[in-house]
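> Spelled out from the first residue to the last, the chains are:
Number of protein chains: 2
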Amino acid sequence: MNNFIFENATKVFFGKGCVKEYLCCLTKGYGDTVMLAYGGGSIKRNGVYDEVTAILKAAGKNIVEFPGIMANPTYTKVLEGARLAKENNVGLILGIGGGSVMDCCKAVSIAARYQGDVWADFWARPGIFDFDPLPLGVIVTVAGTGSECNGGAVITNEELKIKTGRDYPKCNPRFALLDPTYTYSVPKFQMVSGGFDILSHIMEIYFSEPDEDNVSDDIAEALMRNVIRNLRVAVKNPEDYTARSNLMWDATMAENRIIKLGKRTDFQCHQMEHQLGAYTDCNHGAGLAVLHPVYYRHIYKEGLAKFKKFAENVWGISAEGKTDEEIARAGINALEDFILEIGLPVNLRELGVDENTDLKAIADSCTIVSGSYKKLTHEEILGIFKECFN
Amino acid sequence: MNNFIFENATKVFFGKGCVKEYLCCLTKGYGDTVMLAYGGGSIKRNGVYDEVTAILKAAGKNIVEFPGIMANPTYTKVLEGARLAKENNVGLILGIGGGSVMDCCKAVSIAARYQGDVWADFWARPGIFDFDPLPLGVIVTVAGTGSECNGGAVITNEELKIKTGRDYPKCNPRFALLDPTYTYSVPKFQMVSGGFDILSHIMEIYFSEPDEDNVSDDIAEALMRNVIRNLRVAVKNPEDYTARSNLMWDATMAENRIIKLGKRTDFQCHQMEHQLGAYTDCNHGAGLAVLHPVYYRHIYKEGLAKFKKFAENVWGISAEGKTDEEIARAGINALEDFILEIGLPVNLRELGVDENTDLKAIADSCTIVSGSYKKLTHEEILGIFKECFN
Chain A
257 MNNFIFENAT KVFFGKGCVK EYLCCLTKGY GDTVMLAYGG GSIKRNGVYD
307 EVTAILKAAG KNIVEFPGIM ANPTYTKVLE GARLAKENNV GLILGIGGGS
357 VMDCCKAVSI AARYQGDVWA DFWARPGIFD FDPLPLGVIV TVAGTGSECN
407 GGAVITNEEL KIKTGRDYPK CNPRFALLDP TYTYSVPKFQ MVSGGFDILS
457 HIMEIYFSEP DEDNVSDDIA EALMRNVIRN LRVAVKNPED YTARSNLMWD
507 ATMAENRIIK LGKRTDFQCH QMEHQLGAYT DCNHGAGLAV LHPVYYRHIY
557 KEGLAKFKKF AENVWGISAE GKTDEEIARA GINALEDFIL EIGLPVNLRE
607 LGVDENTDLK AIADSCTIVS GSYKKLTHEE ILGIFKECFN
Chain B
257 MNNFIFENAT KVFFGKGCVK EYLCCLTKGY GDTVMLAYGG GSIKRNGVYD
307 EVTAILKAAG KNIVEFPGIM ANPTYTKVLE GARLAKENNV GLILGIGGGS
357 VMDCCKAVSI AARYQGDVWA DFWARPGIFD FDPLPLGVIV TVAGTGSECN
407 GGAVITNEEL KIKTGRDYPK CNPRFALLDP TYTYSVPKFQ MVSGGFDILS
457 HIMEIYFSEP DEDNVSDDIA EALMRNVIRN LRVAVKNPED YTARSNLMWD
507 ATMAENRIIK LGKRTDFQCH QMEHQLGAYT DCNHGAGLAV LHPVYYRHIY
557 KEGLAKFKKF AENVWGISAE GKTDEEIARA GINALEDFIL EIGLPVNLRE
607 LGVDENTDLK AIADSCTIVS GSYKKLTHEE ILGIFKECFN
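Line by line, the protein sequences are chains A and B.
For the numbering used here, count along the first sequence from 1 and bump the result up by 256.
For the numbering used here, count along the second sequence from 1 and bump the result up by 256.
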């Protein structure tokens with residue numbers, strides 16, 4: 257294994273009823289004012305908003321509302337949240353939602369305690385800070401990004417058309433409340449899109465060097481099989497508690513740094529999807545679903561042994577009578593079949609991306625990562641984008 | 257999944273050279289005096305002692321020595337450490353060794369900040385405390401207990417002949433330094449004994465309710481396969497860095513609470529071994545190796561589906577042409593074969609336990625746990641002990 261440093265400070269409360277049981281107690285010690293951050297208002301329709309505000313009011317808290325966080329949270333929105341937090345002497349941000357809300361809140365938690373240019377100093381490039389960000393707690397309502405147990409935040413600078421993520425351990429939420437029943441009301445497309453995001457995170461870590469025997473890879477395979485199995489169950493029965501609880505914990509385990517340990521990680525496909533999202537605002541999980549098979553067919557020969565292992569250990573492909581390349585390709589085909597089976601697109605057109613979009617500009621704006629089996633060029637990325645319309 | 261709360265505050269530094277790179281910086285902020293806790297002196301022979309003391313001296317620290325922590329650390333030893341820490345105004349305990357050293361240090365960290373009867377209030381039964389234990393950092397030299405990333409400490413009250421463990425999250429080490437090369441000099445018997453302890457921890461968690469689809473079980477299977485594969489490599493080549501680094505991280509992952517999430521856990525076999533250890537001072541991992549197959553043959557029918565899964569997914573037993581019971585038994589046989597293969601005993605006599613030992617007294621002193629597939633009686637435990645001489 258490669259050397260690593262690991263820490264994860266977030267305290268997790270998991271299971272049916274956890275918000276009612278623990279939220280009140282968890283908000284103690286953070287002053288009188290809580291900033292309630294959320295998205296488009298689904299929490300008002302499914303009752304979560306009423307439940308949470310009742311608990312906060314009973315605890316004597318002042319509530320500052322920070323609604324309307326969008327699917328790809330923008331830097332402008334981050335600045336709005338920071339201004340609100342400063343003006344109202346907020347002591348705790350409480351984010352309710354999925355990855356977008358949590359990511360936005362983490363950036364707000366830095367911006368609320370910083371006088372300089374947050375984008376330039378912390379997102380345009382990795383930054384260093386010695387202050388404590390404004391404390392953050394989260395209530396997760398969509399299983400996907402796993403943002404609840406890391407310091408990662410993907411923010412879109414809409415002016416510069418750059419969507420980029422940074423992971424600052426100091427931005428780890430102080431607490432995360434995960435009630436799988438809160439995910440029941442997520443529309444099916446959002447659920448499978450979040451589910452594919454989980455799978456994508458695990459694959460991006462798994463398909464990276466080093467490839468020596470590594471327990472992190474073994475855990476990654478176990479998680480992938482669990483996501484696939486439970487997503488199939490949840491598609492058929494969205495209120496299957498076992499399936500939804502597994503998916504919720506899979507999401508956290510994929511991004512709580514555990515399976516990254518001793519690995520370089522890749523995330524090239526995420527880099528491409530982020531730029532696609534920055535230009536077209538397409539759905540993140542669905543964008544990844546389109547990109548992954550095409551990207552993997554492009555690089556699998558350079559990571560043949562690992563793609564063979566993926567086919568056999570994750571998808572149960574029999575090696576009998578097949579060459580290594582045939583086994584590897586069968587694994588990628590199985591991934592593509594699964595994407596179709598759960599109702600996600602495998603074509604950018606289906607995702608509503610206009611073929612006349614300036615794909616070259618998007619490709620040229622993508623960050624090229626190291627850690628992958630094949631270091632791409634911007635021309636290759638453009639080729640991959642174009643193939644995604646076939 | 258069952259509801260759970262998860263936190264793990266220990267910061268881990270993993271890999272070759274981590275002590276040299278990080279120890280100095282990690283000791284800052286804990287006052288001038290460090291208590292150096294260790295066992296029988298192997299760290300003086302393999303150079304670790306010299307390396308660590310040189311770093312501490314260069315950092316300007318006063319060093320208080322607390323050597324001689326025995327394999328099954330006693331309550332008397334805990335009190336000795338606490339007295340030393342109080343008398344010398346120690347700001348940080350630095351434990352160097354395996355589980356015995358780490359466990360003893362955790363109990364010392366409570367005892368050094370408590371005026372009452374530590375055994376009665378915290379080990380005889382679970383206790384509650386609102387003070388911060390004396391800070392502890394650890395340098396791990398044996399892969400086994402995984403004590404580096406939890407608050408668990410197994411202490412033997414030699415007067416009462418009770419060996420019992422408690423897990424207090426506040427006793428989690430502040431930092432853990434894990435250099436796999438530090439485990440190279442561990443004698444082979446100690447290495448396989450520690451390796452079997454890892455496997456035992458995972459099995460004790462895996463063989464427990466609930467048995468619904470649970471990602472924690474999937475991760476447990478991945479860990480068991482990794483331990484088995486890498487222990488085989490390490491037995492042949494003790495200086496295989498990949499194998500030793502996997503085993504070291506397997507040990508942590510088995511006991512950092514992750515695979516316990518959503519599970520009740522069992523640890524009945526550990527309870528039996530603890531009492532065997534309290535009466536005979538036998539080696540912990542080797543004692544577990546003797547007990548496990550006998551115990552599992554006693555309970556497998558009550559957990560048949562899980563033992564079948566264990567046989568197929570961990571040991572690769574083919575189900576073809578076999579009844580479920582035959583598959584389950586084949587898995588337990590494979591476990592026993594593995595124990596023999598790595599050079600551990602499957603008989604208490606080989607372990608040096610006198611057949612005239614008062615087995616009934618040991619059996620009667622064992623705690624009966626819930627969470628297992630079959631709740632044992634003290635008579636059944638006595639029967640299992642007797643079978644361990646066959």
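Derived by calculation from the structure, the hints in this document are not laboratory data.
Remember, predicted model here, so these are calculated numbers, not experimental data.
Incorrect hints may have been included.
[To be verified] With a straight-line cut-off of 20 Å between C-alpha atoms, the simulated EDC-like cross-links for lysine to aspartate or glutamate are:
hint	chain 1	residue 1	chain 2	residue 2
1	B	Lys492	B	Glu597
2	A	Lys284	B	Asp469
3	A	Lys492	B	Glu465
4	B	Lys616	A	Glu465
5	B	Lys492	A	Asp580
6	B	Lys272	A	Asp580
7	A	Lys562	A	Glu635
8	A	Lys272	B	Glu597
9	A	Lys426	B	Asp469
10	B	Lys642	A	Glu465
11	B	Lys284	A	Asp467
12	A	Lys557	A	Asp537
13	A	Lys492	B	Asp469
14	A	Lys284	B	Glu597
15	A	Lys272	B	Asp467
16	B	Lys284	A	Asp469
[As the list claims (entries may be wrong)] Anything over 12 Å on all C-beta distances counts as not near chain A; from chain B, calculated:
hint	residue
17	Lys300
18	Lys313
19	Tyr370
20	Phe387
21	Gln446
22	Ala499
23	Ile573
24	Asp593
25	Gly608
26	Glu611
27	Asn612
28	Glu636
[Said to hold, decoys possible] Residues on chain A that point at chain B, a partial pick, calculated with CB under 8 Å:
hint	residue
29	Ile573
30	Glu576
31	Thr579
Even for Gly, the Cβ is constructed at its ideal location relative to N, Cα and C.
> Does Asp469 (chain B) sit within 20 Å of Lys426 (chain A), going by the straight-line distance between their CA atoms?
Violated, at roughly 34 Å.
> Does Asp467 (chain A) lie within 20 Å of Lys284 (chain B) when you go C-alpha to C-alpha?
36 Å, violated
> Within a Cα-Cα threshold of 20 Å, do Lys272 (chain B) and Asp580 (chain A) meet the stated pairing?
34 Å, violated
> Would you mind confirming whether the straight-line C-alpha gap from Lys492 (chain A) to Glu465 (chain B) stays at or under 20 Å?
26 Å, violated
> In terms of Cβ atoms, is chain A entirely out of 12 Å range of Ala499 (chain B)?
7 Å, violated
> Would the pair Lys284 (chain A) and Glu597 (chain B) pass a check requiring their Cα atoms to be no farther apart than 20 Å?
55 Å, violated
> A cut-off of 12 Å on Cβ-Cβ distance, and Gln446 (chain B) was said to be off the interface with chain A. Does that hold?
21 Å, holds
> Closest CB-CB distance from Glu611 (chain B) to chain A, is it above 12 Å?
Check passes; 40 Å lies beyond 12 Å.
> Does Glu636 (chain B) clear chain A by more than 12 Å, comparing its Cβ with all Cβ atoms of that chain?
At about 32 Å from chain A, Glu636 (chain B) clears the 12 Å cut-off, so the statement holds.
> Does the claim that Ile573 (chain B) lies off the interface hold, with its Cβ farther than 12 Å from every Cβ of chain A?
Since the minimum Cβ distance to chain A is about 17 Å, Ile573 (chain B) lies beyond 12 Å and the statement holds.
> Would the stated hint for Ile573 (chain A) survive a check requiring a Cβ distance to chain B of less than 8 Å?
17 Å, violated
> Is it true that the CA of Lys492 (chain B) sits at most 20 Å from the CA of Glu597 (chain B)?
Roughly 11 Å separates the two Cα atoms, so the pair holds.
Comparing the model with each numbered hint stated earlier shows that hints 2, 3, 4, 5, 6, 7, 8, 9, 10, 11, 12, 14, 16, 22, 29, 30, 31 do not hold.
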